[in-house]
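K.L.:
What follows is each chain in one-letter form.
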Amino acid sequence: MVETEITFDLPVDPDRVADFATAVGEDNPVFFDADAARTQGFPGPLAPPTFTVTQIFQVPRDERERRLGANLDYARVLHGEQEFIYERLPIAGETLQGTMRIAKDFTKEGKRGGSMRFVTYESRFTDPEGDLVLTANYTLIETAKDVG
Amino acid sequence: MSEPSNVTLDAITPGMDLGEAVFGPLTRENFVAYANASGDDNPIHQDEEYARASGAPTVFAMGMLNAGYLAHAVSDWFGGPQNIKRYKVRFTNRVWPGDEVVCTGKVVSIGSGVIKVTVEARRRGKGPEGLGLDEEQTAIVGEADIVL
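Chains A and B, in that order, are what the protein sequence lines are.
Quick note, our numbering runs 81 ahead of the 1-based positions in the first sequence.
Quick note, our numbering runs 19 ahead of the 1-based positions in the second sequence.
Pulled out of the complex, with its shape left as it was, chain A reads as follows (with noise of 0.2 Å):
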């Protein structure tokens, strides 16, 4: 049976931020140093602005398909955009609380024939006490079969 959204933890681990952070390239020690961030006036480390994507190790692909059901071809399938809109940063060692659904899917006509299909997942992540951290909308494009 599909569901309507999927909740789960998300961990803001500080050996993921720092594996995160690195893998983009970042030395900046407000994500690796407790103390470099303390001076900054953070309570830990902030993890880099993209890090939710992480949110795939919690919700795997297949297990998204299967609850939300979307029944998307994966072989047709493109990261079309991608959104995040921040209240705050995550900070390593806090768990967030990510709730995801799918809040917008529609095809439009291609200039050229065939059509695309764009799905948006939002998942807002909020704090243990309830307040919003950051919303993330993952967009992907699935394009037509007959695409030549």
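Note that these hints are calculated values from the structure, not bench results.
Be aware that one or more of the hints could be misleading.
The list that follows gives simulated cross-link-like pairs (lysine to any residue, SDA-like), each with its CA atoms no further than 20 Å apart [as the list claims (entries may be wrong)]: (1) A:K189 with A:T220; (2) B:K107 with A:L221; (3) B:K135 with A:I166; (4) B:K104 with B:K125; (5) B:K135 with B:R105; (6) B:K135 with B:Q101; (7) A:K189 with A:V158; (8) B:K107 with A:R182; (9) B:K107 with A:N218; (10) A:K226 with B:A75; (11) B:K107 with A:E164.
Position chain B against the provided structure of chain A, taking the given hints into account.
P.N.:
The following block gives chain B in isolation, referenced to the frame of chain A:
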């Protein structure tokens, strides 16, 4: 790689260019490191045979890796990642092993303390043999809202 600048709002003017931040040349190891850090284990980014069977000439970077570099650049231009309040990207071309990712941006407007910028990441390199790619192509177009 770089240090966040100590920019202040009165130093920002509409139309201002934000400079250029260059990452890479990217290696297959960068893709593996990002896969491990992000959880994006799609083999099309790591497995040559799988990539070719999928119709790509070789493996290519995850869009979110390039978006991570671009977010890194925006963080540094505006005094740190905590100043980014919204970040949105659209993916327009793949980035290949050996490519550099060249990040640029421009201030669009300033209003009510919010700086709106457009950003771009270009791939720069020869690209896979036989594709005949232009030396530079836009890989990401995006926008960000900044509050200092």
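K.L.:
For every hint, state whether the structure bears it out.
P.N.:
Hint check results:
Under the criterion of a C-alpha separation no larger than 20 Å, the hint pairing K189 (chain A) with T220 (chain A) is consistent with the structure, at around 14 Å. This hinted pair checks out: K107 (chain B) and L221 (chain A) have alpha carbons roughly 14 Å apart, not beyond 20 Å. Between K135 (chain B) and I166 (chain A) the CA atoms are separated by roughly 13 Å; this keeps the pair inside 20 Å, and the hint holds. A distance of roughly 16 Å separates the Cα atoms of K104 (chain B) and K125 (chain B); the hinted pair therefore holds under the 20 Å criterion.
Under the criterion of a C-alpha separation no larger than 20 Å, the hint pairing K135 (chain B) with R105 (chain B) is consistent with the structure, at around 9 Å. Restraint check: the Cα-Cα separation between K135 (chain B) and Q101 (chain B) comes to about 15 Å, which is no more than 20 Å; the hinted pair holds. Of the supplied pair hints, the one linking K189 (chain A) and V158 (chain A) holds, its CA atoms being roughly 15 Å apart against a limit of 20 Å. Only pairs whose Cα atoms come within 20 Å are accepted, and K107 (chain B) paired with R182 (chain A) is accepted, the gap being roughly 19 Å.
Between K107 (chain B) and N218 (chain A) the CA atoms are separated by roughly 9 Å; this keeps the pair inside 20 Å, and the hint holds. Of the pairs offered as hints, the one joining K226 (chain A) and A75 (chain B) holds, with about 18 Å between alpha carbons and a cut-off of 20 Å not exceeded. Distance restraint check for K107 (chain B) and E164 (chain A): the Cα-Cα separation of roughly 4 Å lies within the 20 Å cut-off, and the hinted pair is therefore satisfied.
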